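Trainee: Residue numbers (this note's numbering), protein chains in the order written: chain A, 10 to 444; chain B, 203 to 606.
To be clear, the hints were calculated from the coordinates, so they are not data collected in a lab. Being a predicted model, the structure only gives us computed values, none of them experimental. Any given hint might turn out to be false.
Claimed, not checked - Taking lysine to any residue and the SDA-like style, the derived pairs with C-alpha atoms no more than 20 Å apart in a straight line are:
#1 LYS144(A) <-> ARG324(A)
#2 LYS179(A) <-> GLY389(B)
#3 LYS222(A) <-> GLY389(B)
#4 LYS262(A) <-> GLY331(B)
As the list claims (entries may be wrong) - Here are a few chain B residues that sit away from chain A, every Cβ distance over 10 Å (derived from the structure):
#5 LEU287
#6 GLU294
#7 GLU298
#8 ASP312
#9 ASN343
#10 GLY367
#11 GLY404
#12 HIS411
#13 GLN420
#14 GLU476
#15 THR555
#16 ASN561
#17 VAL571
Note that the Cβ used here is the ideal one computed from N, Cα and C, for glycine as well.
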Amino acid sequence: MSFSATNFAQPRPVPVEVRSNEKPLSSDSFRFRGPPSFLGSPHSLRFNPIPPFKLAIPHSQRSNASAVTHIANGKMVKSSANLLITKEEGLELYEDMILGRYFEDMCAQMYYRGKMFGFVHLYNGQEAVSTGFIKLLKKEDTVVSTYRDHVHALSKGVSARAVMSELFGKATGCCRGQGGSMHMFSKEHNVIGGFAFIGEGIPVATGAAFPSKYRREVLKEAGADQVTLAFFGDGTCNNGQFYECLNMAALWKLPIIFVVENNLWAIGMSHLRATSDPEIWKKGPAFGMPGVHVDGMDVLKVREVAKEVIERARRGDGPTLVECETYRFRGHSLADPDELRDPAEKARYAARDPISALKKYLFENKLASEQELKSIDKKIDEVLDDAVEYSDESPLPRRSQLLENVFADPKGFGIGPDGKYRCEDPKFTQGTAHV
Amino acid sequence: MATLFQGVGAVTPFSASTSLHSNKLHLPPRKSLSLSESRGAIFVHRSDARLNLKPATPKQDLLIPNAIATKGDTSTPTKSGHELLLFEALREGLEEEMERDPRVCVMGEDVGHYGGSYKVTKGLAEKYGDLRVLDTPIAENSFTGMGIGAAMTGLRPIVEGMNMGFLLLAFNQISNNCGMLHYTSGGQFTIPIVIRGPGGVGRQLGAEHSQRLESYFQSIPGIQMVACSTPYNAKGLMKAAIRSENPVILFEHVLLYNLKERIPDEEYVLSLEEAEMVRPGEHVTILTYSRMRYHVMQAAKTLVNKGYDPEVIDIRSLKPFDLYTIGRSVKKTHRVLIVEECMRTGGIGASLTAAITENFHDYLDAPIVCLSSQDVPTPYAGTLEEWTVVQPAQIVTAVEQLCQ
Chain A
10 MSFSATNFAQ PRPVPVEVRS NEKPLSSDSF RFRGPPSFLG SPHSLRFNPI
60 PPFKLAIPHS QRSNASAVTH IANGKMVKSS ANLLITKEEG LELYEDMILG
110 RYFEDMCAQM YYRGKMFGFV HLYNGQEAVS TGFIKLLKKE DTVVSTYRDH
160 VHALSKGVSA RAVMSELFGK ATGCCRGQGG SMHMFSKEHN VIGGFAFIGE
210 GIPVATGAAF PSKYRREVLK EAGADQVTLA FFGDGTCNNG QFYECLNMAA
260 LWKLPIIFVV ENNLWAIGMS HLRATSDPEI WKKGPAFGMP GVHVDGMDVL
310 KVREVAKEVI ERARRGDGPT LVECETYRFR GHSLADPDEL RDPAEKARYA
360 ARDPISALKK YLFENKLASE QELKSIDKKI DEVLDDAVEY SDESPLPRRS
410 QLLENVFADP KGFGIGPDGK YRCEDPKFTQ GTAHV
Chain B
203 MATLFQGVGA VTPFSASTSL HSNKLHLPPR KSLSLSESRG AIFVHRSDAR
253 LNLKPATPKQ DLLIPNAIAT KGDTSTPTKS GHELLLFEAL REGLEEEMER
303 DPRVCVMGED VGHYGGSYKV TKGLAEKYGD LRVLDTPIAE NSFTGMGIGA
353 AMTGLRPIVE GMNMGFLLLA FNQISNNCGM LHYTSGGQFT IPIVIRGPGG
403 VGRQLGAEHS QRLESYFQSI PGIQMVACST PYNAKGLMKA AIRSENPVIL
453 FEHVLLYNLK ERIPDEEYVL SLEEAEMVRP GEHVTILTYS RMRYHVMQAA
503 KTLVNKGYDP EVIDIRSLKP FDLYTIGRSV KKTHRVLIVE ECMRTGGIGA
553 SLTAAITENF HDYLDAPIVC LSSQDVPTPY AGTLEEWTVV QPAQIVTAVE
603 QLCQ
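Only chain A is shown next, with the shape it has when bound in the complex (with noise of 0.2 Å):
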């Protein structure tokens, strides 16, 4: 079926100087290969079934990914005889969903208001991945991310009230207010990062991955079977890092799960513009893992996805690259006007919040009442309310703190003129040392 790129593959011209002799890319220019709902549903397809996810196998391993393909094959996710989740689950999904809306919702309020500076990205619209996928995870599990992390750090389980602090500056946050929006790190709940420059993190998770498999195999800790999300964006797949991790992930084996959030944009460069070859989860295969497309705005399918692979890692079977087609209804940032995006494409998007899908399915289902839904929205009403208090009410950080953690063993700083560490000298504790 061959589809018009009109709706959203060619960028609008922007009435900005800058921009008035890009030309328009014309319809004839785009014609891919294999079903356009990958772009996100045109109104073609609006009416047809679209398969819950699509996958591509490497040839050496179509026997072990059986499990997988066994959902590929067609069966649908709403079958009324059998149900994707149970209430709890339901609730769970929609509460951290709501989490994370309210909360990005509240940043931006608090950002407004002179409280949070800097770079602020923010995840409305995308929460279905970081639920889908982070809810399934268990403590020791570890997630890597990006820039735009408060979700996932909530998701895994880090308090609102540290990491609203973290984005308020103060001593209480997450990250003692020295990492801020883009570097939400958790020891407790292994969150390692945020990441300020895109890819950067995908070696680290890969690193993060390398001592499950170093356990098991050279410390003999048979039980030794963590697993780690390395989440990035579309912009992230056409860098080096992502390939060589890819690579290293598949060579070893490593229990890693790269999950590409989609969502078409990086700042205002269009994927489409800055991508050969746009599907991603077709690369997997190149570097022999499995390569999975899933509707990121739906988050019962995530999840399906998302329990495969993660059990797949966890057996020991490998890496998997996951590409949720997903959407941003914020800018880039809280810096970005968001002109170049076409409010045709945005609206098409918010038709499939997924907040909105998960209801309208608790409720076809029966599986939770409005009156349910209602009360939890106003818990993290309340939760919010909270964390946003009582990051108002954590201190700055002090002097002192300044050069606490640079190093791990402060003996770091060397040795000064006096013959003493230089961290022994007590106007290091005091911060006023000229180091």
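Since the structure of chain A is already known, use the hints to place chain B on it.
Mentor: Just chain B now, kept in the frame of chain A:
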């Protein structure tokens, strides 16, 4: 014969009558060693303190012109030690640490089956397995990042750059992640990684294989840098780097791998932050590190014959500088010459000049002279390459001028 060591215990007065042939020289130990002592990090070693000044040839079988021995605990008997080459010393240190802690692992190109391009990891893969001594694909940025991620989640990896210059590809990971993540995570994650490899100007290896990355990495907050120069300090620094909770970059030199020295049989670990007194003197302080130490010692012979008495210090710790050892020396001699292989612009020497000027300006009788390599991509031609780095004759001239 052994190089120097820090003593423990009471302060002994420094003996001023040092001549090259004295065989018992005292170095006043520092009181601040309490910190390192309590960590059990430094072991006293008494050596036979023979001075040996064979001509320094920068090739095989270079006997180390010597250092001093300290008067340590007299009840400890000296063992005879064993002789080995520098790369073997590195391997010994590495192997001892791998034996001691099963979380210590190695990652790099050709470190496993090939045994390392300079044989530092030879035999380790056979002994410890392919996962513990991991042969990586050629992806410096990613495997360095992988090492960092593994360090954050419980292992203690040593990442080898086949040549230090290749680590330029890993700059993103070294600067942003290695240096910063302990801080940006609010101290939650430590990164006990060691990044090591050979660098420096070799024998006509060409510009890209002759780089000195210490100048590029020195500004990165959160990392420590050390440079080894003898088998004794190579092993000691390797062990210290592996045991350190901080990320450490260990700079080795391509031309020093075949140095031979007798090192102690008993276990020892050196301090990452301390400098090494190579030759005490009175007239001028010469600060150097890595290969230039040997050019300096060669020049020192000539200088001694001409009547000068240079004090030579191998700074060893490139970041942070050991301002105590350096400062004590400056206060004694009042003249400083820095000899390094780094480039003129923005090199270690430049930083060291600034640090000394800031801290010890009042003690200087003359401006600090810094001899560095020319700001030139190291040429292939032998003659041009020779003129790029500092040669002993230039060192002699510089000292003569400085001491006028």
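Trainee: All the hints need checking, so say for each whether the structure fits it.
Mentor: Cross-check of the supplied hints:
The straight-line distance between the Cα atoms of LYS144(A) and ARG324(A) is roughly 19 Å, inside the 20 Å bound, and the hint therefore holds. At most 20 Å may separate the alpha-carbon atoms for a hinted pair to count; LYS179(A) and GLY389(B) meet this at roughly 15 Å. At most 20 Å may separate the alpha-carbon atoms for a hinted pair to count; LYS222(A) and GLY389(B) exceed this at roughly 26 Å. Between LYS262(A) and GLY331(B) the CA atoms are separated by roughly 17 Å; this keeps the pair inside 20 Å, and the hint holds.
With a closest Cβ-Cβ approach of about 29 Å to chain A, LEU287(B) is found to remain outside the 10 Å limit, as its non-interface label requires. Annotated as non-interface, GLU294(B) keeps its C-beta farther than 10 Å from every C-beta of chain A; the closest such distance is 21 Å. Every CB of chain A lies more than 10 Å from the CB of GLU298(B), the least distance being 18 Å, so the non-interface label holds. Every CB of chain A lies more than 10 Å from the CB of ASP312(B), the least distance being 15 Å, so the non-interface label holds.
Non-interface call for ASN343(B) relative to chain A: violated, since the shortest CB-CB distance, roughly 6 Å, does not exceed 10 Å. No beta-carbon of chain A is positioned within 10 Å of the beta-carbon of GLY367(B); the least distance is around 18 Å. A cut-off of 10 Å between C-beta atoms confirms that GLY404(B) is not in contact with chain A; the least separation is 28 Å. Once the 10 Å rule is applied to beta carbons, HIS411(B) is consistent with being away from chain A; the minimum gap is 22 Å.
Every CB of chain A is more than 10 Å from the CB of GLN420(B) (nearest about 12 Å), matching its label as outside the interface. Its closest Cβ contact with chain A, about 7 Å, brings GLU476(B) to no more than 10 Å, contrary to its assignment away from the interface. The non-interface label for THR555(B) is consistent with chain A: the shortest C-beta to C-beta separation is roughly 16 Å, beyond 10 Å. With a least CB separation of 5 Å from chain A, ASN561(B) falls inside the 10 Å interface cut-off, contrary to its annotation.
No Cβ of chain A approaches the Cβ of VAL571(B) within 10 Å, the least distance being about 21 Å, so the stated non-interface status holds.
Going down the numbered hints, you'll see the structure goes against 3, 9, 14, 16, while the others check out.
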